[in-house]
Amino acid sequence: MSTLAPLEKNAGLVHAVETTLLAAPDREIEVLGRVPAGASRAEAVAHLRRAATEVRRRAVQTVGAAGAGHIGGEFSITDALVTLYLSVMNISPAQVEERDPERDRIVLSKGHAANALYTTLAVGGYIAPEALRTFLQPTSMLNGHPARTKIHAVEASTGPLGHGLPIAVGMALAARLDGSDRRTFVLLGDGELQEGSNWEAFMTAGHQRLDRLVALVDRNRLQQGARVADTNDLEPLADKLRAFGWEVVEVDGNDVGALLDAYAGVPAASGKPTFVLAHTDKGFPVSYMRDDVAWHHKVPSAEQVAQALTELDAVLASIDTEEEVTS
Amino acid sequence: MTSTVPAAEAAPAERTLFDCRDSWAATIAEVARADERVVVVVNDSVGSSKLGGFQKEFPQRTINVGIAEQDMVGIGAGLANGGKVPFVSAAGCFLTARAMEQIKADVVYSQYNVKLIGQSPGVAYGDLGPTHHSIEDFSWLRTLPGITIVAPSDPDETAQVVRWAAEHDGPVYVRVSRMGVPAVHAEDYTFVPGRAVTLREGDDVTLVATGTTVVRALDAADLLAADGVAARVLAMPTIKPLDDDAVIAAARETRGIVTIEEAMVTGLGGAVAQVVVENHPAPVRSLGFRDEFAVTGSAEWLLDHHGMSPSGIATTAQTLLG
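So the protein sequences, as listed, match chains A and B.
Note that the numbering used here numbers the first sequence so that position 261 is 261, with each residue one more than the last.
Count along the second sequence from 1, add 327, and you get the number used in the numbering used here.
Rather than coming from a laboratory, the hints here were simulated on the basis of the structure.
Don't be surprised by glycine CBs; every beta carbon is placed ideally from N, CA and C.
Hints may contain errors.
As the list claims (entries may be wrong) - Chain B is nowhere near these chain A residues, computed Cβ spacing over 12 Å in every case:
no.	residue
1	92
2	107
3	147
4	167
5	176
6	233
7	240
8	301
9	324
To be verified - So the derived list for chain B, only partly shown, Cβ under 10 Å to chain A, looks like this:
no.	residue
10	388
11	390
12	395
13	396
14	405
15	406
16	411
17	413
18	432
19	433
20	580
Claimed, not checked - Straight-line alpha carbon distances no greater than 20 Å define the calculated EDC-like cross-link-like pairs of lysine to aspartate or glutamate that follow:
no.	chain 1	residue 1	chain 2	residue 2
21	A	298	A	311
22	B	431	A	311
23	A	150	B	454
24	A	240	A	311
Pulled out of the complex, with its shape left as it was, chain A reads as follows (with noise of 0.2 Å):
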């Protein structure tokens, strides 16, 4: 696939082609692509929710491979990654590698969740799903935080917390002066938003009324070394957002049909930015790990990662007796 090409002006950059290649998974992932035109409800649900298993599925893996990854908020986090990329966004591998302008734009601001960033994009078809196994290998395109130079559906670097809404907000103002109808959408953890340069942005696209901008908080109340509540606590979070000026919509960020109807709503009729207050669990759905700071970056052991296959593959066949009974 062409997405293991580097870039052109990165010529000299070797990607997955020399690299070491991580253990192969159980079984390589369904590259399932967009939700197809025309669904039902039901039917884009049950299609993003079997997404968002696969990239959990590929994801444990690749950190037990790899030994490094944050896959606590990279489970958190999966069901927007997946919402979006595969339904919510009017955007496609094509349109990334022809750099459309009137692609929508996303930006991973808790790019520490960028194994769950990548699994989704190989699930969309962005990257070939065998490059998965290079990542953080030398000189792999998938570095432990995600590079624009290196990925050309990655329209920001970001690692750093903080960076990621400040850039959104950008890419909303110019939207707007191409009098474009394009959205802009940007995911946050929560605990990043500790990082005061978020609220710089948060008072500059309510000052603009940036209603095409869509900021999405994983809340999953955990961050790096303890709860957030006990660290620097956010609450109220909505009230703070609702007097910077956004529409502020609550869901339950894992669940897949709460964040489509979440997103249906934008841009709000107030014309306000819309900040979607995504309650999640860091580690979900897999019991050991749910609400459980440890798994921030914990390296699960074989038996986790089977212990996690084992479950998730009960969520996918869950969904199929679902889509029998419905069909």
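Given the structure of chain A, go ahead and fit chain B onto it with the hints provided.
The following block gives chain B in isolation, referenced to the frame of chain A:
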């Protein structure tokens, strides 16, 4: 007690001095008229960037984020993503220090086409003190792979650099000084990025200057000439990428090099010294600020005080001639 501190050395009386911000302001408007992608992003710095006229002419393309430099630079990256050519214009001190991580990650590492305009850089804010000086900018920024750093030395060069920056695809940092400078370049001068300009031929010693110190180097060369010393004067508008060849030639063909910058000596001085040491070891003396915050004083006085008066430069050059 009356002061024993000497006054700044007076410039020759007949010189007309220019504020390079005027040239910047006229040129950015000219560029914006020709290219609708050009926008400016400021941090409540419309006045200090002399962009009042621009804002009046292009209200939609003047994005004032208020006093929020991290936001300002990130927004610049986002605008570049949308195909705009943003000129992010703010006092050099706040632009580079406050938003350094945004410059590194959002602009340079991401290879976004953002122009960073450091207004009133170096010690231009003089007696406002070290919080408002940006003598660190050369040193900090030249560690970033792929950024171009330019310090024009007169109004015409400022205009040429702004035009070039608008055309160039890649991150650029430009210093725009408010300190009065005369025209130092010939009327037919053409700015070439990465290229030194030989303003004075000479084989005894080389003076390498950038931005506001170029005119001081020329004056120092006059003083040296009066003493029978032929000083080569290299204007080095581009700090990065440095004109290595011009530096190596100076090391080879003259008896030593003096660098002069309105900055920490780890900027131009450090860059030149590294090229010299690695290619053709020769004596180098770096004038600028050296591991210290500036004392209170006007911009001109501070440059004199730190050995960058014409006579101070000449004296340092003489030490290389033994």
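Hint check:
With a least beta-carbon separation of about 18 Å from chain B, residue 92 (chain A) lies farther than 12 Å from that chain, consistent with its non-interface assignment. At the 12 Å boundary, the C-beta of residue 107 (chain A) falls inside the reach of chain B, the nearest C-beta of that chain being 8 Å off. Here residue 147 (chain A) does not stay apart from chain B, with its beta-carbon only about 7 Å from theirs, under the 12 Å limit. At roughly 4 Å from the closest C-beta of chain B, the C-beta of residue 167 (chain A) falls inside 12 Å, breaking its exclusion from the interface.
Listed as a non-interface residue, residue 176 (chain A) fails to keep its Cβ farther than 12 Å from every Cβ of chain B; the least gap is roughly 9 Å. With a closest Cβ-Cβ approach of about 22 Å to chain B, residue 233 (chain A) is found to remain outside the 12 Å limit, as its non-interface label requires. Taking the minimum C-beta to C-beta distance to chain B, about 17 Å, the non-interface status of residue 240 (chain A) holds against the 12 Å cut. In this structure residue 301 (chain A) is separated from chain B by more than 12 Å, as the shortest Cβ-Cβ distance comes to about 33 Å.
Taking the minimum C-beta to C-beta distance to chain B, about 44 Å, the non-interface status of residue 324 (chain A) holds against the 12 Å cut. Checking residue 388 (chain B) against chain A: minimum C-beta separation of about 7 Å stays under 10 Å; hint holds. For residue 390 (chain B), the interface hint holds, since its Cβ comes within 10 Å of a Cβ in chain A; the closest pair sits about 6 Å apart. Interface restraint check for residue 395 (chain B): the shortest CB-CB distance to chain A comes to about 4 Å, inside 10 Å, so the restraint holds.
With a least beta-carbon distance of about 8 Å to chain A, the hint placing residue 396 (chain B) at the interface is held under the 10 Å criterion. The criterion of a C-beta within 10 Å of any C-beta in chain A is met by residue 405 (chain B), whose closest approach is roughly 2 Å, and the hint holds. Of the supplied interface hints, the one on residue 406 (chain B) holds, with its beta-carbon coming within about 4 Å of a beta-carbon of chain A, less than 10 Å. Because the smallest distance between the Cβ of residue 411 (chain B) and any Cβ of chain A comes to about 5 Å, under 10 Å, the interface hint for this residue holds.
At a threshold of 10 Å, the smallest CB-CB gap from residue 413 (chain B) to chain A is about 8 Å, leaving the interface hint in force. Checking residue 432 (chain B) against chain A: minimum C-beta separation of about 5 Å stays under 10 Å; hint holds. With a least beta-carbon distance of about 6 Å to chain A, the hint placing residue 433 (chain B) at the interface is held under the 10 Å criterion. Violation of the interface hint for residue 580 (chain B) is found here, the shortest Cβ-Cβ separation to chain A being roughly 34 Å, above the 10 Å cut-off.
Of the supplied pair hints, the one linking residue 298 (chain A) and residue 311 (chain A) holds, its CA atoms being roughly 18 Å apart against a limit of 20 Å. A hinted pair counts as satisfied when its Cα atoms are at most 20 Å apart, and residue 431 (chain B) with residue 311 (chain A) does not qualify at roughly 41 Å. Simply put, residue 150 (chain A) and residue 454 (chain B) have alpha-carbon atoms about 46 Å apart, too far for the 20 Å limit, and the pair is violated. A threshold of 20 Å between alpha carbons decides the hint, and for residue 240 (chain A) with residue 311 (chain A) the separation of about 37 Å lies outside it, so the pair is violated.
When held up to the earlier numbered hints, the structure conflicts with 2, 3, 4, 5, 20, 22, 23, 24 and fits the remainder.
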